Amino acid sequence: MGFLDFPFVAGEGAEGDPRRFTGHQEVLRYLEAFARRFDLHGLVRLETEVISVRRSGDASWSVSYCSRKLAAGTDSGGELRDEELFDAVVVCNGHFAEPRLAEIAGIDRWPGKQLHSHSYRVPNQFHAQVVVIIGYNPSGMDISRDIAGVAKEVHVAIRAAPAEMQSTTAHANLWLHPMIDRAEEDGSVVFQDGSRVKADAIMHCTRGAPLFEKKNHALHWIDVDRWRCARRRYKYSFLGDDSAITVDDNRVGPLYKHVFPPRLAPSISFVGLPFKGILFPVFQL
Numbered sequence: 001m002g003f004l005d006f007p008f009v010a011g012e013g014a015e016g017d018p019r020r021f022t023g024h025q026e027v028l029r030y031l032e033a034f035a036r037r038f039d040l041h042g043l044v045r046l047e048t049e050v051i052s053v054r055r056s057g058d059a060s061w062s063v064s065y066c067s068r069k070l071a072a073g074t075d076s077g078g079e080l081r082d083e084e085l086f087d088a089v090v091v092c093n094g095h096f097a098e099p100r101l102a103e104i105a106g107i108d109r110w111p112g113k114q115l116h117s118h119s120y121r122v123p124n125q126f127h128a129q130v131v132v133i134i135g136y137n138p139s140g141m142d143i144s145r146d147i148a149g150v151a152k153e154v155h156v157a158i159r160a161a162p163a164e165m166q167s168t169t170a171h172a173n174l175w176l177h178p179m180i181d182r183a184e185e186d187g188s189v190v191f192q193d194g195s196r197v198k199a200d201a202i203m204h205c206t207r208g209a210p211l212f213e214k215k216n217h218a219l220h221w222i223d224v225d226r227w228r229c230a231r232r233r234y235k236y237s238f239l240g241d242d243s244a245i246t247v248d249d250n251r252v253g254p255l256y257k258h259v260f261p262p263r264l265a266p267s268i269s270f271v272g273l274p275f276k277g278i279l280f281p282v283f284q285l
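Numbering (UniProt numbering), first residue to last: 1 to 285.
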């Protein structure tokens, strides 16, 4: 998951986190190490919120911001509001802070436990259990294989699954299914092909926002174009109308290669919009 020229190595020592799915502290340490390696700290302003980004003439951008200034040795201080002109703006605010669970018919009466991949760290809690995983993108793929090493069975609900349940070659206890149709009070999870399993847990490997919508009381994949936008919440309240982009039904555009608004390129660009792939290398590219 690291940047191409700075590998993400499992941490060691008292502060390290050697787990395959590390916590946010380990990711923070990685980013801080990246900043030290490439001498980036002097280019980063922490404790600063961008209030607005507006065009200033034909060749620059006016950026208004609010910085929190801490008094020495305290956790309190004042705020500094200011405005500066820049030749170019790169917009790379995050979209992953709020995990979402897929809506499943009957889930409120289903007796098992649910969790999101956002909070997954180690597979031990699923020892000898039957686990259903929703989604088979990078997180879902990695987590399903990790859990298969300790679980009794792992059933992965994916789009475009085979017509019948079949075991994968890597793990004899891991199967692929179509999407979930409903959950039942007896602990069963019913898939859209009519097959069912009694499960102890459901793991939602979805990013930021639902991948699914309910139609006729069943769970369906959102079509590709809408799914691309529904996975995250894209918000650019600090951008004015002169930024040449709009967010319509969570679709950001018009953007060339999901990066440049054609009318204003290259003076403004957007990082982190593509929804597939390993995130840090995608950000870097």
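What the hints contain is simulated information worked out from the structure, not anything from laboratory work. Model, not experiment: these values are computed from the prediction. Treat the hints with caution; some may be incorrect.
As the list claims (entries may be wrong) - Simulated pairs of lysine-lysine, DSS-like, Cα-Cα distance not exceeding 30 Å:
#1 Lys198 / Lys69
#2 Lys69 / Lys113
#3 Lys152 / Lys198
As the list claims (entries may be wrong) - Simulated restraints on C-beta separations:
#4 Gly94 / Gly253: 12 to 22 Å
#5 Pro262 / Lys69: 37 to 47 Å
#6 Ser267 / Asp82: 35 to 45 Å
#7 Glu103 / Met1: 27 to 37 Å
#8 Glu103 / Pro7: 35 to 45 Å
The beta carbon of each residue, even a glycine, is placed where N, CA and C say it ideally should be.
Taking the hints in turn, this is what the structure says about them:
1. Lys198 / Lys69: Violated, because 55 Å separates the two Cα atoms, which is more than 30 Å.
2. Lys69 / Lys113: violated, 43 Å
3. Lys152 / Lys198: holds, 12 Å
4. Gly94 / Gly253: 12 to 22 Å: The hinted range 12 to 22 Å holds for Gly94 and Gly253, with Cβ atoms some 19 Å apart.
5. Pro262 / Lys69: 37 to 47 Å: Given range 37 to 47 Å: holds, Cβ gap about 39 Å.
6. Ser267 / Asp82: 35 to 45 Å: violated, 21 Å
7. Glu103 / Met1: 27 to 37 Å: holds, 28 Å
8. Glu103 / Pro7: 35 to 45 Å: Cβ of Glu103 to Cβ of Pro7: about 38 Å, so the range 35 to 45 Å holds.
Checked against the numbered hints given earlier, the structure breaks hints 1, 2 and 6 and satisfies all the rest.
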